[in-house]
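Novice: Protein chains in written order, with UniProt numbering: chain A, 1 to 208; chain B, 1 to 208.
Please note that the accuracy of each hint is not assured.
Chain copies aren't distinguished; within one or between two, either way the pair holds.
Stated by the list, open to error - Pairs of lysine to aspartate or glutamate residues, derived as EDC-like cross-links and limited to a Cα-Cα distance of at most 16 Å, are as follows:
{"no.": "1", "residue 1": "K76", "residue 2": "D26"}
{"no.": "2", "residue 1": "K88", "residue 2": "E75"}
{"no.": "3", "residue 1": "K134", "residue 2": "D60"}
{"no.": "4", "residue 1": "K76", "residue 2": "D58"}
{"no.": "5", "residue 1": "K120", "residue 2": "E145"}
{"no.": "6", "residue 1": "K76", "residue 2": "D60"}
{"no.": "7", "residue 1": "K196", "residue 2": "D153"}
{"no.": "8", "residue 1": "K134", "residue 2": "D87"}
{"no.": "9", "residue 1": "K134", "residue 2": "D153"}
{"no.": "10", "residue 1": "K3", "residue 2": "E145"}
{"no.": "11", "residue 1": "K76", "residue 2": "E86"}
{"no.": "12", "residue 1": "K3", "residue 2": "D187"}
{"no.": "13", "residue 1": "K196", "residue 2": "D26"}
{"no.": "14", "residue 1": "K88", "residue 2": "D175"}
Treat the hints as calculated values from the structure; they're not laboratory data.
2 protein chains.
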Amino acid sequence: MTKLYCFGESGNAYKAALTLTLAEVDWTPVHVDFFNGGSRTPEFRAINPMGEVPVLLDGDQTITQSGAIQTYVTEKTGKLMPASSEDKREVLRWLLWDNHKLSGQAGMTRFLMNFLPPEKRPQEVIGFMQGRLKATYGVLNDHLEGRNWIVGDQITIADTACCGYLFYEEPFGFDRTEWSNIDAWLDRIAATPGWKHPYDLMQRAFGA
Amino acid sequence: MTKLYCFGESGNAYKAALTLTLAEVDWTPVHVDFFNGGSRTPEFRAINPMGEVPVLLDGDQTITQSGAIQTYVTEKTGKLMPASSEDKREVLRWLLWDNHKLSGQAGMTRFLMNFLPPEKRPQEVIGFMQGRLKATYGVLNDHLEGRNWIVGDQITIADTACCGYLFYEEPFGFDRTEWSNIDAWLDRIAATPGWKHPYDLMQRAFGA
């Protein structure tokens with residue numbers, strides 16, 4: 001039984017959910033009521049002391065951090081990972097870059113702009129982060145020039161990592177029409193057999 | 001010939017430099033004049049289109065992202081990495097966490113507080129990031145309760161990653177005496193044969 005503790009608004013959870021889905025693992029989402037303290041309960045902290053979503057439970061394995069879950073899924077299924085050690089290292093490089101520069105910053109900015117009460121949104125922080133994110137989108141857009149996928153000639157977990165926050169409609173300063181290579185790449189990901197939008201893979205915490 | 005493009009103030013470069021040093025690789029630092037545009041020159045962008053330090057040149061290999069360099073060094077030397085696949089995944093999990101939560105945020109905050117002209121320092125951003133970092137230090141400090149090292153019973157690249165910014169003296173809101181487990185762990189790292197402070201491994205951009 002493979003369970004993923006997640007909620008729809010979490011792009012980090014989406015990276016894991018999309019990876020499981022495209023690798024054709026049979027998995028079940030377990031909704032974490034994040035915005036009402038669901039990740040801070042003693043029960044959840046016993047599963048993940050870092051207090052973060054996603055968490056993968058697979059048999060007797062408990063794995064946290066989206067990139068570690070993604071890597072585990074590729075090792076278990078042999079899918080979404082290139083064969084050569086150089087390409088594997090290139091995938092790792094983009095996973096790390098995504099955590100540091102893309103999803104790390106986009107996820108926080110989207111949270112501040114959409115899931116905090118309007119009067120609590122720190123406008124200086126939001127503006128600062130949006131500036132940093134523009135440079136980040138530029139790096140990805142440049143890399144995708146002349147490429148279909150981030151590493152090699154097929155979809156890998158580098159792609160399912162970097163797209164983690166980019167299918168969401170809530171505004172956070174990212175407009176895919178401004179970045180033509182990213183735009184076409186997101187279309188390619190969405191055209192991959194089995195692809196689903198985050199809100200079709202995981203229950204939302206807010207509205208529906 | 002193994003070269004690391006780096007500068008002393010970069011904790012991300014320090015992670016790579018310290019890993020090379022503790023793994024007893026014979027390496028040479030190449031100073032990048034980061035604060036005067038040294039990472040934005042066409043020559044440097046040809047080496048790393050991401051425009052970031054560190055970059056490792058090892059024979060015909062060019063590797064960027066500190067975590068990818070660290071992983072490469074462990075594969076090449078067999079050092080600073082545990083043996084079991086579960087422990088390896090645990091190391092990866094902490095590398096990703098460090099990139100996302102610890103060095104990613106600490107590096108930026110230290111930059112804003114120390115390397116921007118005083119009148120340009122965004123105080124709201126600095127305060128916000130310091131709040132997030134306190135939660136991050138708490139996670140690491142709790143994890144180190146009853147442990148000598150982050151994973152297993154010896155120093156690994158999980159340790160040389162997470163300590164990346166924590167030996168610097170410039171203020172960024174981190175006071176190691178407030179976090180007793182982190183404090184003792186930093187002492188253990190500094191007592192490891194061959195250990196050096198970042199400014200003793202790499203040339204500084206500012207002062208000396």
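Novice: Measure nothing new, just compare the shortest in-copy and cross-copy C-alpha distances for K120 and E145 to 16 Å and report within, between, both or neither.
Specialist: So K120 and E145 fail the 16 Å test inside a copy (39 Å) and across (35 Å) alike.
Novice: Evaluate K76 and D26 at a C-alpha cut-off of 16 Å and name the case that applies: within, between, both or neither.
Specialist: within (12 Å within a copy, 36 Å between copies)
Novice: Up to 16 Å between alpha-carbons, please classify K196 paired with D153: within, between, both or neither.
Specialist: neither (21 Å within a copy, 42 Å between copies)
Novice: Taking 16 Å as the upper bound on the Cα-Cα distance, should K88 and E75 be classified as within, between, both, or neither?
Specialist: Both: 11 Å inside a copy, 12 Å across copies.
Novice: Could you place K134 and D60 in one of the four classes (within, between, both, neither) given a Cα distance threshold of 16 Å?
Specialist: Answer is neither: 41 Å inside a copy and 32 Å across each miss the 16 Å cutoff.
Novice: For the identical chains here, do K76 and D58 meet the 16 Å Cα criterion within one copy, between copies, both, or neither?
Specialist: Intra 11 Å, inter 31 Å, cutoff 16 Å: intra-copy only.
Novice: I want to check one pair: K88 and D175. Are their C-alpha atoms no more than 16 Å apart within a copy, between two copies, both, or neither?
Specialist: Result: close neither inside a copy nor across copies, 30 Å intra and 37 Å inter.
Novice: Given identical chains, is K76 near E86, meaning Cα to Cα at most 16 Å, within a copy, between copies, both, or neither?
Specialist: between (20 Å within a copy, 13 Å between copies)
Novice: Classify it for me, K3 with D187: is the Cα-Cα distance of at most 16 Å met within a copy, between copies, both or neither?
Specialist: neither (28 Å within a copy, 39 Å between copies)
Novice: Classify it for me, K134 with D87: is the Cα-Cα distance of at most 16 Å met within a copy, between copies, both or neither?
Specialist: neither (27 Å within a copy, 36 Å between copies)
Novice: Which holds for K134 with D153 at a C-alpha limit of 16 Å: within a copy, between copies, both or neither?
Specialist: For K134 and D153, neither the intra-copy (26 Å) nor the inter-copy (42 Å) Cα distance is at most 16 Å.
Novice: If the cut is 16 Å between Cα atoms, do K76 and D60 qualify within a copy, between copies, both or neither?
Specialist: For K76 and D60, only the intra-copy Cα distance (14 Å) is at most 16 Å; the inter-copy one is 32 Å.
When the structure is compared with the earlier hints, violations turn up for hints 3, 5, 7, 8, 9, 10, 12 and 14 and for no others.
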